[in-house]
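Next come the chains, spelled out residue by residue.
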Amino acid sequence: MLITDNGSADNSYKSDNDGSGNYIDDANAPVHLPIDKDYAQFGLSFEEYKKINDILKKEPDDFEMGIFSAMWSEHCSYKSTKIHLKNLPSKGEAVLIGPGENAGVIEFDGVNVLVFKMESHNHPSFIEPFEGAATGVGGIMRDIFTMGARPIANLNSLRFGNFNHPRTPYYLSEVVKGIGFYGNCMGVPTVGGEVVFDSCYDNNILVNAFTMGIAKKDAIFLSSACEEGNLVVYVGSATGMDGINGATMASGEFDSSKANKRSTVQVGDPFTEKLLLEACLEAMDKKLIVSIQDMGAAGLTSSSFEMSENSGKGMILNMDKIPLRAANMTPLDIMLSESQERMLIACKKEKYDELEGIFKKWDLNCVIIGEVTKEKTIQFIYKSKPYHTLPVESVVNGPSYDRPSAVPLYIKDVKQFLPDEYRMPKNFNSVAERIISHPNIASKHFIYRQYDYQIGTNTLACPGSSCAVLRYKEFNAPTEPANSVNPADLNSGIILNSNCNSKYCYLNPYKGAMLAVIECARNISACGGTPVAITDCLNFASPEDPEIMWQFKEAIKGITDAALKFNTPAVSGNVSLYNETAGAGKIYPTPVIAMVGYINDAGKAVNSTYKDEGDNVYLLGRLSGNLGGSLFMELVHNDFMQEPLSIDIDYELKLQNCLRGLIEGKLLKSAADISEGGLFTAVAEQAILSDKNLGVIAEVHKDGLRNDMLLFSEFEQAFVISANPSNEHKIYEFVKNAGIEIEKIGTVVKDIIKFNNIIELKSGKIKERYYNAVEKLFDK
Amino acid sequence: MSIRLNLTENKKINAGITVFPGSNCDMDVYYALKNVFNLNVSFLWHKDEFHNFKNYDFIVIPGGFSYGDYLRAGALAARSRVMKSIKEYADGGGIVLGICNGFQILLESGLLKGAMLTNKSLKFECRDVYIKNISGNNFNKNNNGSNNNGNNNKSDSNNSNGNNNRSGNNNSSENPFTCLIEKDAVLKLPIAHHDGNYFAENNELEDLLSSGHVAFQYCNEDGVVADDSNPNGSLKNIGGLFGENFNVMGLMPHPERASEKILGSDDGAKIFNSIIYYIKNK
Chain A
1 MLITDNGSAD
11 NSYKSDNDGS
21 GNYIDDANAP
31 VHLPIDKDYA
41 QFGLSFEEYK
51 KINDILKKEP
61 DDFEMGIFSA
71 MWSEHCSYKS
81 TKIHLKNLPS
91 KGEAVLIGPG
101 ENAGVIEFDG
111 VNVLVFKMES
121 HNHPSFIEPF
131 EGAATGVGGI
141 MRDIFTMGAR
151 PIANLNSLRF
161 GNFNHPRTPY
171 YLSEVVKGIG
181 FYGNCMGVPT
191 VGGEVVFDSC
201 YDNNILVNAF
211 TMGIAKKDAI
221 FLSSACEEGN
231 LVVYVGSATG
241 MDGINGATMA
251 SGEFDSSKAN
261 KRSTVQVGDP
271 FTEKLLLEAC
281 LEAMDKKLIV
291 SIQDMGAAGL
301 TSSSFEMSEN
311 SGKGMILNMD
321 KIPLRAANMT
331 PLDIMLSESQ
341 ERMLIACKKE
351 KYDELEGIFK
361 KWDLNCVIIG
371 EVTKEKTIQF
381 IYKSKPYHTL
391 PVESVVNGPS
401 YDRPSAVPLY
411 IKDVKQFLPD
421 EYRMPKNFNS
431 VAERIISHPN
441 IASKHFIYRQ
451 YDYQIGTNTL
461 ACPGSSCAVL
471 RYKEFNAPTE
481 PANSVNPADL
491 NSGIILNSNC
501 NSKYCYLNPY
511 KGAMLAVIEC
521 ARNISACGGT
531 PVAITDCLNF
541 ASPEDPEIMW
551 QFKEAIKGIT
561 DAALKFNTPA
571 VSGNVSLYNE
581 TAGAGKIYPT
591 PVIAMVGYIN
601 DAGKAVNSTY
611 KDEGDNVYLL
621 GRLSGNLGGS
631 LFMELVHNDF
641 MQEPLSIDID
651 YELKLQNCLR
661 GLIEGKLLKS
671 AADISEGGLF
681 TAVAEQAILS
691 DKNLGVIAEV
701 HKDGLRNDML
711 LFSEFEQAFV
721 ISANPSNEHK
731 IYEFVKNAGI
741 EIEKIGTVVK
751 DIIKFNNIIE
761 LKSGKIKERY
771 YNAVEKLFDK
Chain B
781 MSIRLNLTEN
791 KKINAGITVF
801 PGSNCDMDVY
811 YALKNVFNLN
821 VSFLWHKDEF
831 HNFKNYDFIV
841 IPGGFSYGDY
851 LRAGALAARS
861 RVMKSIKEYA
871 DGGGIVLGIC
881 NGFQILLESG
891 LLKGAMLTNK
901 SLKFECRDVY
911 IKNISGNNFN
921 KNNNGSNNNG
931 NNNKSDSNNS
941 NGNNNRSGNN
951 NSSENPFTCL
961 IEKDAVLKLP
971 IAHHDGNYFA
981 ENNELEDLLS
991 SGHVAFQYCN
1001 EDGVVADDSN
1011 PNGSLKNIGG
1021 LFGENFNVMG
1031 LMPHPERASE
1041 KILGSDDGAK
1051 IFNSIIYYIK
1061 NK
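Chains as they are written, first to last, in my numbering: chain A, 1 to 780; chain B, 781 to 1062.
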């Protein structure tokens, strides 16, 4: 199996080179092998192999095959998806740099910009969950500080198999440990994310990591700025045999008996990366770097070829100069190694001494390994002699396919939800308890307490909230703090969250992907923020299956339509394909969206917990009662194959604007959207999350909607908000003017959660179940 | 904020913050001391010894993963050049606060007694906890109480630049770290560590307790010190510890993360304000 890092490679859109991803057979290719070259072992099709022959005007040797196969792999070339990805909206007022660099960049306050991206590290994490997750986090952080931004927040979006699957506790604990190990040591807070358990991930867990950094607008560093005559400088850890491309490992040139025993999963060292971060930022601050790219997927190969291509230049690379930590490495080993914590820098000759001084200060390698050339080739030198010369453009610009797609067979089994086909449950209390203690709803504090979420002293809303809210504080602020003013009052804030309900995406990838974007926006609006931009991590099964390709194309359309409406361009992203295991099923399409929003005054942000006894609880918006695809249907009727309801996106925009206005006007104490677990969960969870043992008594009735439909339907365009009763008049007036429905549905009380006289639970007891559910996994 | 001192005067106070490779709370401490308390703050690089002790009114060893926590948390940092100087500084009476990894470094360097084991849960633990000030009667009470605006704090600043006269402290009542904090007061502060499970030999532990060298114990919101309020398994719920002469303190929770209301608690400011007050008045 082929394991690579998620860093580097193609520009902003990358896949994590999952497993069999490279082994694409061309159905039309003749069955015989040409001469003695086993192109399939390099993960290339016959057509691709022929094309390489044409480019080189000769038969490629193993070195050339290795380089081409890495750069033309799915993860570096995006060959199956790039024609679709270009349809995603990536432009907008806030966008400074969209897809095409290491990460996307958006405007923040005129002086500072935010740099962010999400990436997958799925297959490595399935094979070695601790190291896989750790290096996934390390890789995405490098992508951010490569651009000159100091990482200030991490999110992660995790998918594990069924909660009761025997391997789930192992994966969960190791992945969480790995994420904490890397992020905590780096000093970057892990401020939020999501964790979902579902059988479709039993044999393919997903680990998607997001990092956001902050930089000065006039000090962004790119991979595309190399100038002729610049020195090519290698900094960071030495190169070892870890993470070397599995395809080339199997080729004849290596001592395969040895190589096969070596781990193909990289080993991360967050301590070295912390030094690399500080050294790089210091060198950038002193303007010693012209261009820079991290060595992630396909290591030195992708960084050198892509920097050259992006800059319209070439390089001389002296293989004899590369710092090595293993003996007898071949040039191809060196080029394909994915050892972590390394960067490639282009620097002006006269600045080199100063650059070296900084890296030496941080006890890191800093070595000149070549020079930027006008000729658009990479000229390799090995044992002091010319070794190979390869054309930059043809190596970087790999093939692109418009793969066939077809509506999946299962889609015909997705029915409209018809209430008459399902009987109401008799015991609503027990359903309510099962939903609140379902691992996908219950508290994840067992997980996020293993992450340092407060470092940086910016975290205002921590994990467990629907969104992370960060303040922005100017370092070394020149003004003296005033005695009377809390400096935080002046702080603008950043709101982050990630989302994807893959069950909806399975039932209808267009609507499901659209809902992922909308759900992110809802969470941001429920804090009082305005959505600004997104990044995506598109996790799918094999693109060679036309049904999967259909899911992919539909999901892209869904993201596009929602992102256009919300004016949240996709500024960066990642694709992870081949998330399937032979004979053990495919994952549901899982296009994870992470959204960034702003709030002018972070002090005004609200969260989703009731604050005081006697406050009123309102339903803002309208109810459909459509139970299709809901957790309720899955739990109670063991049947969720119903069509997700269409979202009225214009109403949604109006609704969210209205909510934001209420928060801006300081009229609300809390707000939560209705999503998984339905209205009941939105009402009850705000009591459970409160720290005063509060409860709620709520009553909702609507003609034609049964209690189960009212309480547990998930396709609702509505929020549950709480407020001081004295604000009622102002709230009603504001909401009426916005053209939105509002209804008082309850009151915040002590100790008890009551709903429509059919649910009555003790807050304390249900709280315990909510907080202990995930930890219970480890009691077995 | 009731205990914020006169900020303009604070500018005269010089604080040093150590930076080891892997320190990662250095900037947070810097921000708090400079932007919240208006002190004059500078960094001390791990590779450098320093001898200009008078230039530092107090030194903070911040949290992080110094030298990657390789070998043992704090073990390598304790043998760095800067720590050689800090030991001399502390021996001369200089005020040193070690937070989290800084606490571990102080233990490893012998400035504090005992050791840190891996948390009882064997996991990294990040959350808000409560700690109780069990150090002796405070300095504040002998000084006319009120300290809202700093007007009564001007009296004695002769010693604010010197450390040499302070080595004589032998009880906790005049320690720099809790002098503005009522005995038995409960503070809400965040923890974030993997190895915060305090350990000392039985007799040593008894000595530390009886001689007033335990500064803070983990407790619940109401100040009850019990097993279920102990986040890491520390013996006697110890979360903060004084050095022999009460001029050194190790603290596992992070006061710099709780020095502004917007962060959910400003109880950490009570510790920094104590230090500032002590320096101004001692």
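No lab work stands behind these hints: they were computed from the structure. Heads up, some of the hints might be wrong.
Result set (BS3-like, lysine-lysine): computed pairs, CA atoms no more than 27 angstroms apart in a straight line [what the hints assert, rightly or not]:
id, chain 1, residue 1, chain 2, residue 2
1, A, 216, A, 604
2, A, 611, B, 968
3, B, 893, A, 473
Computed from a prediction, not measured in an experiment: that's the story for all the values here.
Going down the list of hints, with the structure as the test:
1. For the hint pairing residue 216 of chain A with residue 604 of chain A, the CA-to-CA distance comes to about 26 angstroms; that is within 27 angstroms, so the pair holds.
2. This hinted pair checks out: residue 611 of chain A and residue 968 of chain B have alpha carbons roughly 19 angstroms apart, not beyond 27 angstroms.
3. Distance check on the hinted pair: residue 893 of chain B and residue 473 of chain A sit about 38 angstroms apart at the alpha-carbon level, beyond 27 angstroms; violated.
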